[in-house]
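**Student:** The residues making up each chain are set out below.
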Amino acid sequence: MNLFLAVAAQAAEAASAPVAQESGNLPFLIVGLWVLLLSVFVGFEVIQKVPPTLHTPLMSGSNAISGITIVGSLYCVGKDYPLSAGILGLIAILCAMINVVGGFVVTDRMLGMFSAKGGKK
Amino acid sequence: MLGMISMKGVVELAYMASSLLFILGILKLGKVKTAKQGNLWAAYGMALAIGATMLLLIARGDWNPRPGEWAYQSHALAIGAMVLGSAIGWWMAVKVPMTSMPEFVAFFNGLGGAASMFVGLAEVPRAVERGQTLSAEGADFAIAVMLAVIIGAVTLTGSLVAYAKLAGKLNKSRIGPLGSQGFNIVLGAVCVGAGVWGGFFAADPMGLWVSNGLLTLGSLLLGLGLTLPIGGADMPVAIALLNSYSGIAGMTTGFILRNNLLIVAGSLVGASGIILTQIMCKAMNRSLTNVLVGGMGESAGGGGGSKDEGYTKVKSTSGEELAAVLDAASSVIFVPGYGLAVAQAQHKVRELAGLLEKRGCQVRYAIHPVAGRMPGHMNILLAEADVPYEQLYELDRINDDFKNTDVVVVLGANDVCNPAATNDPKSPIAGMPVLTVWDARTVVVVKRSLASGYAGIRNELFQMDNSLMFLADAKKALEDTITELKAL
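Chains as they are written, first to last, in the numbering used here: chain G, 32 to 152; chain E, 112 to 599.
Don't take every hint at face value.
Result set (DSS-like, lysine-lysine): computed pairs, CA atoms no more than 30 Å apart in a straight line [unchecked claim]: (1) K80/G to K283/E; (2) K80/G to K426/E; (3) K393/E to K280/E; (4) K426/E to K280/E; (5) K424/E to K80/G; (6) K144/E to K80/G; (7) K597/E to K426/E; (8) K469/E to K80/G; (9) K393/E to K537/E.
Chain E regions said to be covered by chain G (calculated; three or more residues, Cβ under 8 Å) [to be verified]: (10) 207 to 221; (11) 500 to 507; (12) 525 to 534.
In short, the hints are calculated from the structure, not lab data. Just so you know, even glycine gets a beta-carbon here, dropped at the ideal spot from N, CA and C.
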């Protein structure tokens with residue numbers, strides 16, 4: 032975690048410096064790449080030592096999180112997008128929502144099997 | 112105007128909170144005690160993100176009917192699609208039996224990829240309407256659209272192939288030219304070509320649709336081509352990798368919509384998938400490239416093959432003998448493999464273990480990281496049968512204990528306990544960490560036939576002096592043994 036904090040501190044410093052100098056907005060690409068860099072790092076740090084027992088639930092739980100595209104697909108059904116985009120957006124909503132709900136519920140079911148046993152012990 | 116800006120600020124804060132919930136949720140998912148809570152937190156994060164987005168869209172008037180074109184209420188349709196999707200997802204998640212978990216994880220994963228692909232494609236009609244290239248909104252935007260479509264489509268069809276293979280509906284490694292590495296390179300080139308054309312050069316409706324249609328088709332085929340050669344037993348790697356892809360696809364849509372939450376959530380999943388992939392590759396002592404190319408060839412694996420490999424000194428056994436051997440043992444280790452999952456024998460193992468424990472015998476389970484068809488497959492299977500997870504031991508923790516163990520019962524596993532991995536440097540699996548079951552006093556291998564596993568190599572374990580072969584379906588074998596043991 033120490034390494035992560037050090038990198039995060041450096042990144043925050045580097046990210047804030049140009050903003051202060053130019054007093055303008057950074058292009059989204061740069062902000063997005065910073066966010067990407069740090070999130071990947073957090074991802075690696077957080078998942079390093081997961082016991083094998085939890086590999087499947089971790090996979091299906093994170094799989095449900097990848098359904099976050101639901102947020103993106105909601106934007107596609109807005110008035111900024113023409114009808115054909117809206118239809119694609121609706122299909123995306125449907126797919127993402129099955130992914131999200133199915134993923135979380137299935138993970139909960141699997142983990143329920145672990146905790147039920149913990150209770151008996 | 113001010114009201115809109117502050118609404119955007121509130122939504123950004125909500126997105127931040129849901130990012131935090133995702134991170135903490137995944138962190139908690141990594142520990143047995145907090146895993147259930149972690150999953151809930153991640154689900155709350157998702158609910159918050161969806162709620163905040165809907166609020167923003169309603170407040171900004173994005174969901175108002177579009178004059179002249181949107182003759183319908185888009186919010187009603189969007190909410191309808193959400194409700195329908197939730198209902199289907201819920202229904203499937205509740206109905207799916209635990210034994211089919213690998214294929215359903217793959218299936219859900221594919222839908223996540225599909226969603227990203229469609230979000231990317233939705234930018235095409237918008238560009239058509241504006242009469243500009245996609246890159247008119249920035250080169251990064253055009254590239255993000257291209258990547259979302261490619262990675263999303265590969266995730267979709269790749270996961271569907273994984274689903275079909277895991278469900279036993281498909282065991283080919285080629286369909287026509289699909290599946291050959293040469294054709295994959297051609298498809299990759301088509302995708303990049305079509306993507307560059309569609310992202311940077313096409314500005315007319317025809318060009319935009321044709322190029323991006325070609326991109327989509329090429330990517331869908333590429334997903335098939337990349338996943339077909341991967342053998343059934345390599346599926347733990349494939350699923351972990353596809354899981355990672357679905358995250359990366361989600362991340363790229365973050366760059367399309369300029370939304371940090373999508374980037375955070377997507378890259379978290381991408382990173383976790385990559386780590387799992389690494390763990391799985393390491394457990395097989397193979398490089399990712401080797402797995403992806405399908406170097407081991409294709410076979411049913413787990414004892415489903417047909418030819419005997421000319422074993423000469425095999426000693427066969429039966430339920431009666433196994434019961435007697437187990438009755439005399441004071442320590443037993445079960446080694447489950449894919450054959451156990453196929454036979455759905457997890458409850459029978461638990462029953463047998465219970466009988467042995469009543470006789471004062473110590474029972475443990477040795478779990479190889481790649482046993483089964485997805486990461487952690489055996490753990491889930493045994494958990495369903497109420498096997499306490501304290502009895503499940505990883506390879507590193509149990510390998511030294513085999514020599515002090517009376518009886519090891521191998522249930523439908525093969526390559527994960529092949530001595531060739533340590534003894535024969537020329538073996539294809541040389542160097543793969545294996546369970547050293549042969550150190551135990553007696554090894555009983557329950558297997559449907561003497562055929563080799565997916566690696567297609569002999570297993571000398573079968574004819575070692577201290578090993579007995581019980582050639583039967585795992586469930587049938589365990590049932591026989593339980594009956595005999597009860598009679599003793």
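**Student:** Look at each hint and say if it fits the structure.
**Tutor:** Status of the hints after comparison with the structure:
1. K80/G to K283/E: With Cα atoms ~35 Å apart, K80/G and K283/E exceed 30 Å; violated.
2. K80/G to K426/E: violated, 42 Å
3. K393/E to K280/E: holds, 28 Å
4. K426/E to K280/E: Violated, at about 34 Å.
5. K424/E to K80/G: Roughly 43 Å separates the two Cα atoms, so the pair is violated.
6. K144/E to K80/G: holds, 14 Å
7. K597/E to K426/E: Distance of about 24 Å is within 30 Å: holds.
8. K469/E to K80/G: Measuring from Cα to Cα gives roughly 35 Å; hence the hint is violated.
9. K393/E to K537/E: Holds - the C-alpha atoms of K537/E and K393/E are around 19 Å apart, at most 30 Å.
10. 207 to 221: Per the Cβ count (7), the hint holds.
11. 500 to 507: holds (count 3)
12. 525 to 534: Coverage by chain G is violated here, the residue count being 0 at a Cβ distance below 8 Å.
Violated hints for the displayed structure, listed by number in ascending order: 1, 2, 4, 5, 8 and 12.
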